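Enquirer: Listed below are the residues making up each chain.
Protein chains: 2
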Amino acid sequence: MERRGIQGLVVLGDTTLGNPDLTYVVGRNLARGGIYFKRAACKPLLITSILDVLTARGGRVENVRTFTDLGFEKLLVEHGQTEAYPRLILEVLTQLGVAGKVILAGRNDLAWGTYLLDKLRSLGVRISCESSPTILEVARATKSVSELHDIRGVGSKTSKVVSKVLDELKALKRRRGHLMLGGRVATIKSVKRLISTQLAIEGLTAPEGTIFAIGPSSADPHNSGIPGAEIRERKLIVFDIFPQCESGYWFDLTRTFVIGRADKRAKVLFDAVQDAQDSAIAILKNGLSGQSAMALACDVIEKYGFRTVRDVYAGKAREISSGFIHSLGHGVGLTIGERPYLSFQNQDPLKTGNVVTVEPGVYLPKFGGVRIEDTVHITGRACENLSKARKEFELN
Amino acid sequence: MERRGIQGLVVLGDTTLGNPDLTYVVGRNLARGGIYFKRAACKPLLITSILDVLTARGGRVENVRTFTDLGFEKLLVEHGQTEAYPRLILEVLTQLGVAGKVILAGRNDLAWGTYLLDKLRSLGVRISCESSPTILEVARATKSVSELHDIRGVGSKTSKVVSKVLDELKALKRRRGHLMLGGRVATIKSVKRLISTQLAIEGLTAPEGTIFAIGPSSADPHNSGIPGAEIRERKLIVFDIFPQCESGYWFDLTRTFVIGRADKRAKVLFDAVQDAQDSAIAILKNGLSGQSAMALACDVIEKYGFRTVRDVYAGKAREISSGFIHSLGHGVGLTIGERPYLSFQNQDPLKTGNVVTVEPGVYLPKFGGVRIEDTVHITGRACENLSKARKEFELN
Chain C
58 MERRGIQGLV VLGDTTLGNP DLTYVVGRNL ARGGIYFKRA ACKPLLITSI LDVLTARGGR
118 VENVRTFTDL GFEKLLVEHG QTEAYPRLIL EVLTQLGVAG KVILAGRNDL AWGTYLLDKL
178 RSLGVRISCE SSPTILEVAR ATKSVSELHD IRGVGSKTSK VVSKVLDELK ALKRRRGHLM
238 LGGRVATIKS VKRLISTQLA IEGLTAPEGT IFAIGPSSAD PHNSGIPGAE IRERKLIVFD
298 IFPQCESGYW FDLTRTFVIG RADKRAKVLF DAVQDAQDSA IAILKNGLSG QSAMALACDV
358 IEKYGFRTVR DVYAGKAREI SSGFIHSLGH GVGLTIGERP YLSFQNQDPL KTGNVVTVEP
418 GVYLPKFGGV RIEDTVHITG RACENLSKAR KEFELN
Chain F
58 MERRGIQGLV VLGDTTLGNP DLTYVVGRNL ARGGIYFKRA ACKPLLITSI LDVLTARGGR
118 VENVRTFTDL GFEKLLVEHG QTEAYPRLIL EVLTQLGVAG KVILAGRNDL AWGTYLLDKL
178 RSLGVRISCE SSPTILEVAR ATKSVSELHD IRGVGSKTSK VVSKVLDELK ALKRRRGHLM
238 LGGRVATIKS VKRLISTQLA IEGLTAPEGT IFAIGPSSAD PHNSGIPGAE IRERKLIVFD
298 IFPQCESGYW FDLTRTFVIG RADKRAKVLF DAVQDAQDSA IAILKNGLSG QSAMALACDV
358 IEKYGFRTVR DVYAGKAREI SSGFIHSLGH GVGLTIGERP YLSFQNQDPL KTGNVVTVEP
418 GVYLPKFGGV RIEDTVHITG RACENLSKAR KEFELN
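Chains as they are written, first to last, in our numbering: chain C, 58 to 453; chain F, 58 to 453.
Derived by calculation from the structure, the hints in this document are not laboratory data. Wrong hints could be hidden among the right ones.
Copies of the same chain look alike in the list, so a pair counts if it fits in one copy or across any two.
Calculated cross-link-like contacts (lysine to aspartate or glutamate; reagent style EDC-like; alpha-carbon spacing at most 16 Å) [to be verified]:
(1) Lys227 to Glu359
(2) Lys246 to Glu303
(3) Lys176 to Glu148
(4) Lys230 to Glu287
(5) Lys360 to Glu290
(6) Lys373 to Glu130
A quick note: this is a predicted structure, and the numbers were derived from the prediction, not measured.
Okay, chain C solo, but in the shape it has when bound (with noise of 0.2 Å):
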């Protein structure tokens, strides 16, 4: 904070859950959320509701009071419902002697947010702006000790429900090319809940969802899979899974499959996809930029004959629909997509304790495409990878 000249850190919000910012100073999930004071160089004060000190004792911040203990409710009184919660950030950053520059963080909603920066600034805080990356984008992206045992514990839990799921397809018997499950013709919905009953037995959630996607539709790298749609043999099926443990951490797999054997147009996409993932995962570590790793994946998707992103940056072509039309990869944490980035826009080196995804993909409308992603930690010499899972790309 001395550094960038912040005296004073204040990250709020009504709830830890989607705020990680939040989560991550507090340590802990808060349904009601709170606010957290950082004066540079003191020890840190969070102020909760009064059903979540609890809670809140057992995260990070040592020093844990209620909006009551703070007299949140005279406030009330006397400046009304709107203008309370500014007085009380008034008081405290001037119990804690903070006059100069303030950083308020936590996701909150703009509109209020706007109050909130107005009414302060009125008041006579100093509220300053971070360009990205932020303090806490920045502290985030480095992975500590204890958060890189969530992750791991993620990792193997994902790695274990892809390996179950896939376990199960392969067991389930076929009639004239389609899948049959309970006596019926499987579909996405039906292998959906196959995926959410594993996910349920490893105690993660999946808020944003699972991908399941076969043929034409696994050309379209965010088409989740159409619930109706049959799971047939030798189709293209895309199973991106990006679960959520209990304290907050995320994880993000993808495996591409068919089911039986695959023609030979889906086994090239499979090797390139295969060789880019390699190779990346090879020279990654502490030092590497993200371009870099972004620029040796285009190379070997394009030996294969494809295009890639680069053509875009390289003012070749304004956007491309076929080919690795995606970056590389992005770290994962606290929330599923983060700092740092594998892409042609990040030129700075990456770091020991980064966790990112490392996942190419080659796309063909109308046919399908293929996309294969692990999580992996950056250290000093390498990269750990994260994902247990086998990759298998034909399922007999």
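Chain F: place on chain C using the hints.
Expert: What follows is chain F alone, placed relative to chain C:
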């Protein structure tokens, strides 16, 4: 918008997850979010990533364009990564002819929000704040037919999960006052696995977890249950479940019960809470204030000899730690806690189309608590109870 003197509304975010305002205006889940523009009295425009554009087109906005369509890459080159985003907003507002008051909305990091706001203002955009309730809070409080359809759906599935879990618990063998599950003494952890499996079967997720608290820990309304705690007979168990369905709508339901027979003290708690809930549900309808419903619930609970938060609002106590220590209810929709509130602070009349929880509770520290909660839909003449799970106090 006209009534509030707003000419432009911009709702933005890097994902719709945990961003209810953006989910609401878009009508779909977009993994990479987007920017929604609305000029008063005109049709809206939505900008999304190329990866989300097909999904977005299935939602509420007809006019969906990609960042590339609007020349974002050019702005990136001209203004750099940080400034390109506000520049894009400025360009679109200019194209739409918006020169008057603009509201920024959607959940976003405030550190970045501060930058966005200051930059847009420096570029001449007249950004205003809204006092709560914001235009989107007001819109979201009254559910449309299609929203009610989704909430009814998640309500019926949630009720099914609760009924099935109660059936399973009843069917378990008991040994020396303990419930047995899979040959071992059942714990909170093993019961939570039953719950999450049932949730998965119904296609629901519980991103905020589930409360299953036994004995003294049930006296803390936000204690979600100590994983290792054993399930015993004759102890109060608070089972509070708040799942979300795929389209983003939540539901909230609580049952309190004992395995076997309850003692007299626990029965009095249950009767007080059930009586308070029945009384409140009987009067809830369009036009009644949230405050009146809360006051009635307090009347009933006080009649049974317990304290209520009325003492705090009447200035008789600074805080209370026993009795009815929270409010009667809150709205439910794309969040698990929103307008309208059934509390002393809400003097506004409820409206047809509101969906609220009715959840009185009485808590005795070191002993336990009882909370009974249904989610109801306010109509012109009464309220429709969307919770179908039975209220059985003694599981025998």
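Enquirer: Indicate, hint by hint, whether the structure satisfies it.
Expert: Going down the list of hints, with the structure as the test:
no., hint, verdict
1, Lys227 to Glu359, "neither (33 Å within a copy, 61 Å between copies)"
2, Lys246 to Glu303, "between (25 Å within a copy, 12 Å between copies)"
3, Lys176 to Glu148, "within (13 Å within a copy, 28 Å between copies)"
4, Lys230 to Glu287, "within (14 Å within a copy, 41 Å between copies)"
5, Lys360 to Glu290, "neither (29 Å within a copy, 67 Å between copies)"
6, Lys373 to Glu130, "between (62 Å within a copy, 13 Å between copies)"
Checked against the numbered hints given earlier, the structure breaks hints 1 and 5 and satisfies all the rest.
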